[in-house]
Structures are given as structure tokens and as C-alpha cells.
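Protein chains in written order, with numbering that gives the first Met the number 0: chain A, 0 to 319; chain B, 0 to 224.
It should be emphasised that the hints constitute simulated quantities derived from the structure, not laboratory data.
Careful: at least some of the hints might be erroneous.
[What the hints assert, rightly or not] Here are the simulated lysine to aspartate or glutamate pairs, EDC-like style, with alpha carbons at most 20 Å apart: (1) 175(B) to 110(A); (2) 174(B) to 115(B); (3) 175(B) to 90(A); (4) 175(B) to 154(A); (5) 164(A) to 87(A); (6) 174(B) to 314(A); (7) 174(B) to 112(A); (8) 175(B) to 261(A); (9) 175(B) to 121(A); (10) 157(A) to 120(A); (11) 174(B) to 104(B); (12) 174(B) to 139(A); (13) 108(B) to 291(A); (14) 244(A) to 198(A); (15) 166(A) to 261(A); (16) 174(B) to 188(A); (17) 174(B) to 90(A); (18) 157(A) to 90(A); (19) 157(A) to 112(A); (20) 160(A) to 87(A); (21) 73(A) to 90(A); (22) 118(B) to 188(A); (23) 244(A) to 120(A); (24) 214(A) to 273(A); (25) 244(A) to 121(A); (26) 214(A) to 87(A); (27) 118(B) to 273(A); (28) 108(B) to 188(A); (29) 244(A) to 112(A); (30) 174(B) to 291(A); (31) 118(B) to 139(A); (32) 175(B) to 188(A); (33) 164(A) to 121(A); (34) 124(A) to 90(A).
[To be verified] Beyond 12 Å from chain B on every Cβ pair, some chain A residues (computed): (35) 66; (36) 82; (37) 85; (38) 118; (39) 153; (40) 186.
Glycine is no exception: its CB is placed at the ideal position from the N, C-alpha and C atoms.
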Amino acid sequence: MRKSPAESGKIVPSDITPYEKYLSRRALIAGGIGLAAAQSIGGFARNAYGQPAAALTYVRNAEFSVAEAPNSYKDITTYNNFYEFGTDKSDPAENAQKFRTRPWNVAVGGEAEITGTFTLEDILKPHPLQERIYRLRCVEAWSMVVPWIGFPLGDLIKRFKPTQKAKFVEFKTLYDPQQMPGERSRVLDWPYVESLRMDEAMHPLTLMVVGLYGKVVPNQNGAPLRLIVPWKYGFKGIKSIVSIKFTERPSRTTWSIAAPNEYGYFANVNPAVDHPRWSQATERHIGGSLFDQRRPTLPFNGYADQVAGLYSGMDLRKFF
Amino acid sequence: MWQIRWVFKPIVFLACLIPALHLAAGALNASGVPGFGGMSLGADPVKVMLHTCGRWTLNFLMITLCMSPLRDLTRLNLWLRFRRMFGLFAFFYVSLHLTVYLLLDQSGKLGALWPDIVKRPFITIGMLGLLLLIPLALTSTAKAQRRLGRKWTQLHRLIYVIAVLGVWHFWWGVKKDISEPRLYVCGLALLLGYRLWMRRKSLTRIGAASLARISVARFARTDGA
Numbered sequence: 000m001r002k003s004p005a006e007s008g009k010i011v012p013s014d015i016t017p018y019e020k021y022l023s024r025r026a027l028i029a030g031g032i033g034l035a036a037a038q039s040i041g042g043f044a045r046n047a048y049g050q051p052a053a054a055l056t057y058v059r060n061a062e063f064s065v066a067e068a069p070n071s072y073k074d075i076t077t078y079n080n081f082y083e084f085g086t087d088k089s090d091p092a093e094n095a096q097k098f099r100t101r102p103w104n105v106a107v108g109g110e111a112e113i114t115g116t117f118t119l120e121d122i123l124k125p126h127p128l129q130e131r132i133y134r135l136r137c138v139e140a141w142s143m144v145v146p147w148i149g150f151p152l153g154d155l156i157k158r159f160k161p162t163q164k165a166k167f168v169e170f171k172t173l174y175d176p177q178q179m180p181g182e183r184s185r186v187l188d189w190p191y192v193e194s195l196r197m198d199e200a201m202h203p204l205t206l207m208v209v210g211l212y213g214k215v216v217p218n219q220n221g222a223p224l225r226l227i228v229p230w231k232y233g234f235k236g237i238k239s240i241v242s243i244k245f246t247e248r249p250s251r252t253t254w255s256i257a258a259p260n261e262y263g264y265f266a267n268v269n270p271a272v273d274h275p276r277w278s279q280a281t282e283r284h285i286g287g288s289l290f291d292q293r294r295p296t297l298p299f300n301g302y303a304d305q306v307a308g309l310y311s312g313m314d315l316r317k318f319f
Numbered sequence: 000m001w002q003i004r005w006v007f008k009p010i011v012f013l014a015c016l017i018p019a020l021h022l023a024a025g026a027l028n029a030s031g032v033p034g035f036g037g038m039s040l041g042a043d044p045v046k047v048m049l050h051t052c053g054r055w056t057l058n059f060l061m062i063t064l065c066m067s068p069l070r071d072l073t074r075l076n077l078w079l080r081f082r083r084m085f086g087l088f089a090f091f092y093v094s095l096h097l098t099v100y101l102l103l104d105q106s107g108k109l110g111a112l113w114p115d116i117v118k119r120p121f122i123t124i125g126m127l128g129l130l131l132l133i134p135l136a137l138t139s140t141a142k143a144q145r146r147l148g149r150k151w152t153q154l155h156r157l158i159y160v161i162a163v164l165g166v167w168h169f170w171w172g173v174k175k176d177i178s179e180p181r182l183y184v185c186g187l188a189l190l191l192g193y194r195l196w197m198r199r200k201s202l203t204r205i206g207a208a209s210l211a212r213i214s215v216a217r218f219a220r221t222d223g224a
């Protein structure tokens, strides 16, 4: 079921969030081109969260959304780990503004019947978009709640008809030091590589993301195409994807190359397995008051009912 | 030199408080107190407070260690009159660092502290550095200095150990990007290296026989090469 932007605009705001900018943008779309709304647009430009992004057409998927209130657009778009644009949380919002996300191609290769280079438009065309409000847990022990817009990765994968040999899927981020200043430093092995086991990739929770808060996803959040795997630590959610490859063996992933004893292949959120240098038992939720207590971290980030079965019989201490 | 006491010291004192005042304003902003709109500490104010206090602890340790080289280079003793203040500011910021960690980051749950100290080497060494700084802060008065005499000098050499532990704590605490800890390592290496060099020079001058012999041997080797 697809709706026009105006209609989906009516569904969303009161259910999701009291976030004031979001609401005033909605007010603008609803026809009230008032002073307040105009100021809110001005606020966007001044604060450089990105160009006022195009609205997307989508439906809300309540079944796959958590009930918690999402973080503010500002927090989600100014507090980012995207080392391609710098290692500070505020770097991506500053350095990704001029990043060109059109034209954009995605190379599909490996163990599949259909391979080749596809334009972003080709990739996105057949997939109706949905909004899902997911928890996001960073390996650094902080968390957010984010209203993503996207479609299941599984639906995309099926189009390429992976062969019997395809046991894993590898993703790569764009390597373009001209545009991505962080790639000029050797802090990580570029390009960024991630990989999922096929059953993880096909799981209905695994999302290809193109939007945030009803609009095209800002550059600093991984435009134009990024992965979200809500039961894994955030670094598995590779951003600005240019390559998808079906493989027989798991790829060596960027963070596990950087520090194999600290970041594993699976990286499932697990309060019982600490990072060697800090505890994963609790997390600080972004956007609360200064005196908020840390929250207990949930196994598989609260998605255990849906995904724990993927790992039955595995020693999660060993396969962290 | 009344100006040092009544003009320069108060000015420097207030300047040293700026990072703390900035954090205080940011904390008021994060608590929703009106009037501090421009003072935001970002999406994760607790982390910013924790890290800023940690950084300024290291900065003040470095500044403290700069005073006697500056005296040597400029042949002005006035640098040493600021040394105690800078050292105490290092203690002030490390106390804030610990307070933010305990009260805001860990929400005052002291039960979590001990496992953190024992299980996590970077916290163990940070905590050790902090504990070693306490006796230095306590004996920072002129009175204590007089009473302890030579022992005071020996005791206060602990600052070298403390600075190493502090930088080490920073190095181990960062996730991946060590460019900033590396700067502190370089600075510290320079400051400690200078002292070793001076010590060797003065010992050679006094004519400590064994050391002189080693030096001679080394020079001979260098000449040979």
C-alpha cells in the first residue's frame, strides 16, 4: 500500500514524535506557510544538517517498530560514527555536506545469477518503502531510537538469484578520498567492508535504508544507501554502499581487521560479552537528561525473540 | 614583584577555570536551564564532560612539567611561581573527571566501580595515577614543603609517573583513532627526555666517575662509527 507524501505525512507525526522541527515541516506541507515554518526551514539551513531533503513516499510498519520515542532529528544527524568523514561524532555532519550521492552505482557480483552494475534508481525501483522505528546500539555503549525508511534487504537479494554457493553477502562503502576526507587517514583499512551470513541478510528485520524521519537520508547517516541490522552493533550497518557481493566464505570485515580481539564478525548486541576495554552490560541513551541512569542492554538489542534462533547452538562468547 | 601575586596569578587562575565554566554552562544547557542556548555539549553531554576533564588533566600535567624547562630556557624564576597552581588544576580536573564518571556516567552506582577498576586495565592505571596525585596535592603548601625538605622533592617526582599513567590511560581508552594520545606521548617524551638529558649533563659535570666513563665509552663509539 503506497501513499502520497501528503497522506503519509498525516499518518506519521503524532504517532512518532513530538519533535518540533518535524512537526513544523509537516505544518508547512499541510498548507500553513507561516512564519514559524519559514523559520524552521531557516534553522535547517543555518545548522547545516543538510539540504532540506526531499520527502519520501512510504508506509509505516508498526509491526516492526518499537514503541519507544525516537531521538530528535538533530541528535540522529549530528552524532555520527562515519569515519570516512572524520573520527569525531560531529565530523560527518560537517564534512559530508557536499558529498555527491547522484549519480550512484552499485556493483553486484559473486555467487549470483544476475550480476552487474546497477544505478541506484534500478536498485530502488521495485521496492515500496516503509518506515521502521528501530533501536540502535553502538559498540561504544550508547544507544538511540531511529525512524528509518527503507525496504528489506532480503527482497533486494532475491532479485539477483544467489546460487547455492552464496553463503555470505559482502558490502563495501565508496572509496573516494577526494570526497571522503577521513579516507585520507589510515585510521581504518579502506574501503569499509561488512559482511552478513545469508540467513542474517535474508532476515525480515534486516533493512536497506534510504530515508530518515520521512525524508531522504542525510549524507552523514550513510546516503544514499545503507544497511541497518538492528540486533547488531551499529558498525555492522555499513553506509554509502557501492558493492554487494555474494560469497562462499565470510569476508574479513573492517573493524575485525582493525582489532580482532575487540570486534567480531557477528557483533550481535550482547550484554554478557564485554568489549575488552569497557562493559557492554549497560548503555547511555542519547537525548535524555544529564542525570539519566544508564539503561540495561538487552540481548540482541531487544530483538532476541525474532533472531536468537539464528544462533542456536553457537557459543556467543566465542563468536562475538 | 607584587604584580605576580596580585595581577598575573589571578588572571591565570581565572583562565584555568574557563574549561570548567564552559562545561558548567553546557551542563545547565543540557539540563534545560534557559539562558545557556549557545553552550550545547552536543548529543552526549556526559561523554563530552568526561573527556574534556580528562584532557585538561593531561594538559595541566604537561603545563606543570613545562615550568622548569621554561625557567632554564629563559633564566627567569617566575615560571616556578605558577607551578603549584597548574599542578593543583591538574588535580582539580582529574577530580571532576572522576566525579563525572561516578555521578553522571555510572549514576552513582559505586558497585560498578570496583569491577571496572579491576577488569579494565585502562581504568586501573587511570585510577592509580589519580591516587598518586592525592599526596602531591596534600603536600602542595609551602608549610609542607618546608617540613618535608628533601623528601618533598623526592615525593613530587611522582608527577613523572603520574603523567605517564595519565597518557597511557588516554591511549588505551580511545577506540581507534590514536592521533590525539600520540600528541601527548610526544609532548611527554620531550619533557621527560629533557630532564634525563639535563640530569646526565649535570652528573657529568660533577664528575660522577662511572657515568662519565660510560659517556666517554659512548662518545668513543660514536667517534669510531
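Please verify whether residue 157(A) and residue 90(A) have alpha carbons no more than 20 Å apart. The hint is violated at about 36 Å.
Is residue 164(A) close enough to residue 87(A), meaning Cα to Cα at most 20 Å? 40 Å, violated
Holds or violated: residue 214(A) and residue 87(A), Cα atoms, limit 20 Å. Measuring from Cα to Cα gives roughly 25 Å; hence the hint is violated.
Would the hint linking residue 175(B) and residue 154(A) be met if the CA-CA limit is 20 Å? Answer violated: residue 175(B) to residue 154(A) is near 35 Å, above 20 Å.
Given the proposed pairing of residue 160(A) with residue 87(A), does the C-alpha separation stay at or below 20 Å? 40 Å, violated
Over 12 Å from every CB of chain B: does residue 66(A) meet that, or does the non-interface label fail? 22 Å, holds
Should the label of residue 82(A) as a non-interface residue stand, given a Cβ cut-off of 12 Å to chain B? The claim is violated: residue 82(A) sits with its nearest Cβ about 8 Å from chain B, within 12 Å.
Run the distance test for residue 244(A) versus residue 121(A): straight-line Cα separation, threshold 20 Å. Within the cut-off at roughly 17 Å; holds.
Proposed proximity, residue 261(A) with residue 166(A) (alpha carbon, max 20 Å): The given pair, whose Cα atoms are some 25 Å apart, is violated under the 20 Å limit.
Has the given pair, residue 174(B) with residue 90(A), been kept, meaning a C-alpha gap of at most 20 Å? Satisfied, since the Cα-Cα distance of roughly 16 Å is no more than 20 Å.
20 Å Cα cutoff - pair residue 175(B), residue 110(A): 34 Å, violated
20 Å limit on alpha-carbon distance, applied to hinted pair residue 214(A) and residue 273(A): 36 Å, violated
Hint check: violations occur at hints 1, 4, 5, 6, 7, 9, 15, 18, 20, 22, 24, 26, 28, 30, 33, 34, 36, 37 and 40; the rest are consistent with the structure.
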